[in-house]
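Chemist: Spelled out from the first residue to the last, the chains are:
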Amino acid sequence: MTRVRRSVSIVVALVLAAGTVSAHGAALRGSSGSLSIPTWLFLATGGGVVGASFLLATFATDRTFVRRSHDHARVLAAVPRVLRTVVAPLVGLLGLLAVLAFGFGAAFDVAPADPQQNLAILVVWVGWWAGYVMTLYLVGNTWPALNPFRTVARTLPSLDRGYPAAWGAWPAVVGLLALVFAEVALPLAEDAAMLAGAITAYGVVTVAGAVVFGVDDWFANADPVARAFDHYGRVAPFARTDDGVVLRVPGAGLVETAAGTARAGGDDGATDRAPLADAGGVAFVVALVFATTYDGFVATPAWRTIAEAVHAPGVPGVLIYAVAYALGFLAFVGVYRWAARSARRTGDTFVAVDELARRFAPPLLAIAAGYHLAHYLGFFVSLSLPLATALAAPTAPPAPELFVLPTFFGGVAITAILVGHLLAVWVAHAIGFEVFPERLQAVRAQYAFVAVMIAYTTLSLWIVSQPTVTPPFL
Amino acid sequence: MTTPQTDVDATDAPASDTATAVPTSVPADATVHECPYCDRPFTREDRVALHVGLQHYDVCTSEEEEAFETAYLAENAEIRRYRLKAAVALIVLYFGLLMVYAVAA
Chain A
75 MTRVRRSVSI VVALVLAAGT VSAHGAALRG SSGSLSIPTW LFLATGGGVV
125 GASFLLATFA TDRTFVRRSH DHARVLAAVP RVLRTVVAPL VGLLGLLAVL
175 AFGFGAAFDV APADPQQNLA ILVVWVGWWA GYVMTLYLVG NTWPALNPFR
225 TVARTLPSLD RGYPAAWGAW PAVVGLLALV FAEVALPLAE DAAMLAGAIT
275 AYGVVTVAGA VVFGVDDWFA NADPVARAFD HYGRVAPFAR TDDGVVLRVP
325 GAGLVETAAG TARAGGDDGA TDRAPLADAG GVAFVVALVF ATTYDGFVAT
375 PAWRTIAEAV HAPGVPGVLI YAVAYALGFL AFVGVYRWAA RSARRTGDTF
425 VAVDELARRF APPLLAIAAG YHLAHYLGFF VSLSLPLATA LAAPTAPPAP
475 ELFVLPTFFG GVAITAILVG HLLAVWVAHA IGFEVFPERL QAVRAQYAFV
525 AVMIAYTTLS LWIVSQPTVT PPFL
Chain B
53 MTTPQTDVDA TDAPASDTAT AVPTSVPADA TVHECPYCDR PFTREDRVAL
103 HVGLQHYDVC TSEEEEAFET AYLAENAEIR RYRLKAAVAL IVLYFGLLMV
153 YAVAA
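Chains as they are written, first to last, in my numbering: chain A, 75 to 548; chain B, 53 to 157.
Pairwise CB distance ranges, derived in the manner of DEER restraints:
hint	chain 1	residue 1	chain 2	residue 2	range
1	B	157	A	133	23 to 31 Å
2	B	146	A	419	26 to 34 Å
3	B	84	A	167	53 to 61 Å
By construction, these hints were calculated from the structure, which means they are not laboratory data. Here a beta-carbon is modelled for each residue, glycine too, at the ideal position from N, C-alpha and C.
This is chain B alone, in the form it adopts within the complex (with noise of 0.2 Å):
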């Protein structure tokens, strides 16, 4: 990712002062993903590109914007994937509660 101005830093980017000053600590051999605007530190890419698109929509490039649309996209697919796994956790829960009710009460 290309850092497209420096001299911007997280106190200029309106609404993002709180969420961007989050305290972070990184293992020494961990990958990092940096954010071009408040270097906070990400595990993933595509997490640096969330970001940008949620707390420096404002002041990123289009290239950015696009980025995080992109990003947005493939979480969409991933959340679906988890709320049928969701779904079942709650069936099963449900009916697990209702047998045991049968059983025991």
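If we strip away everything but chain A, and leave its shape as in the complex, we get (with noise of 0.2 Å):
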């Protein structure tokens, strides 16, 4: 996404520079601009409310009340069929063709090139990456429905090999780390052919795993896009099951799936099994989680200063990003081992490490969804005019306006950071609660998860709040 914010903020600078609208569509990076105290001060009261809501959760200490915040959950009506097996396939099937006939059609001058106006650009990123990730977190999981690769998958005839379970969650660890690594140095929102053409690969990889290995453990296992459109699913209140649509609190499905008790998320019963099973479910999580940090950490100038400081002697650009890529990622998963490893000791048990690091890891995933609509909801709400107005005119839109943020935007990116790692800190405690006989020692068992929660917030907190620069050497 640094390159779609890349080009809305040169869109704003030429449209600033006309003097027609006054829009900024990287208002959120922005905001702090407005801020009027240091830096440091503001991370440290965001890692101090961090801090803060961890003490005062330890306050809740009545097994009865914690269990009931969680397990609390109203069963309604049951999505109707011909909604599910009909309509939303052929909505999914749509939008994929749409995508892909104005993507490549750029190419061939048939349809607008501009990213403000190419319908291919606009629904992928701003429609589907920002505006309908948003809906799985904040309502439910409809992907499994919508997704046209499963959909196409189904009707060809499978090979049904079984899917090694060995493998596990590590081809979703790969194929999400190899996604937005592209996303970050390919143009593939300024180049709405090479979008289309990085969405045939994707397809034609996702398709044919899908034949080889079986439609349902294909999605629920390998597919990057549905494993991590699945973990956002669990943050929301609601969700699909066999019985009906369930409502419950947000949240509530991250202390189910840590005890591996979730209920089927999908179109089927692939997704009864527990998600994060293995190690490369916890290591799926955590990448998750880098990757939206990745992707706003190098627009910031500080890793522009970096950057160049590298660059100069010789090394080739690519190479630099590749490089602080893995190397982040590494480092996400040793601290987040670290901290499993210190909950052993402090939470004085013989719970082994690897289910700690299982069993703690759903919160994250409030935190994955705070950060990511704090990155997106300013970016969507502003270029959702372009968007409408080229769903209405595909193939002549008129020259891209923007919505013009009011600027209390900034508050709502850090509102959202926030209330995510709040959410976090609940869950965190909820599933100590469910591990731990002894109360004290499920809160003594959070002490570490608790301090990395601070420190990612402060992080996040300070990407937030950097100026947006473009990425160099890209």
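Since each chain sits alone in its own frame, please combine them into the complex, following the hints.
Modeler: What follows is the structure in structure tokens.
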């Protein structure tokens, strides 16, 4: 999304120069200008809020109360079958076809090439990656019904080789890291044809995987997009089950995920199994958090300074990005492992480190959701106008205009990050109570996880408070 | 702790299948207290009592029920002390930030 933000900023600069609209697509990033306190104090306050919320959560030691906070769910009516099996797949297929047509069309001059007018770019980045993903964690996961690649794979004959259990979630980890790196390193938000090419490549791999290993197994385990969306859906208040749609407290799905009793979230029985059953599943959650951070980090002035210093002696730009990417991911995994080991010590328990890492991973999803909202809400709102005009007149949209964001949008970003962390603190508290028989043991086991959350809040708030610059050498 | 029923395995105990299937790793030199129903190892005897009361309440003996209640009440006393410390930490955090704001902003 760095590319998208950058192109938005460029358009904004042009529009500003023309003096027509004073919009600011990267308003989230520009919010630091309005802060009247020093940055370090702003960061310390953010960390302090998370720490204070942990201290407050320790006062909730009534097991019945903690359990009720996540055990309460109401079953609503089932999703109409026609909506789930006909309408949604058709919408997904139509969307994919439109994206491919307008993406490749841009290369042959039959579709607008301007990123702010091209339907493919607007639908993918604004409609899908920003807007639709928000509905996943704010409402519920609808991707299994909508996913066009799933629809295509279902119509094809399956070879039904059993999915190798040893692979677990690792193909999804590799896939997610590859997709995010491609998004950062390639101009996928400017070049519509390249975007369509990337979607085609992803589609071929995905459909082939689903044909070889079975649709349900592939999308439940190895597909990075389906897995990420399934995880986001676990934060949401609604979930589809065999009994109907369940309404639950936001975050309750995360406690269930940790316990391994999560209800089937998908279209089938394949998601019945615990999604974080292996180390790969934990690595995937960490990768999800890391990917968003990296995406924001490479657009900060600090990264520009570092990259330029390393680039000076002649190191290729892409290599700098790749090494920072790999090191960053390993650092995130390492810090999380440290927290899990530390939890075993402070919690004075025999529960295995792997198990602690697995149990306390779901709260990170609330953090990832909050961070996504912080990054993309302003982006989505300001670009929803070009998206709407492109949808209304796809072949000849009028000159792009952006919604002007009110200044309080910077506050929305900060609030989203903090709310995500607060939810994570509470979910971790509830998970601790499920794992440990002694209540203080549950509290003490969370020390390292809370420390990591405080550090991560500080890092995220710092990135959000920095002005957005164009990542160099790309 | 006595083992009243040896034929009860973890899968027979309702609502305990997930909580008792917790993978553990025990250091070689550690003192282990095992749950008589699901064999989950614990570092302390009172934690076994708490665990049995929470996870195997429907199958446990009346002595175990009593041990659970004793352990639970003992926990409450310790929690009260912990809450005091947490309250102090909260106050220090709040007023600390307040002071910093007064000076820096």
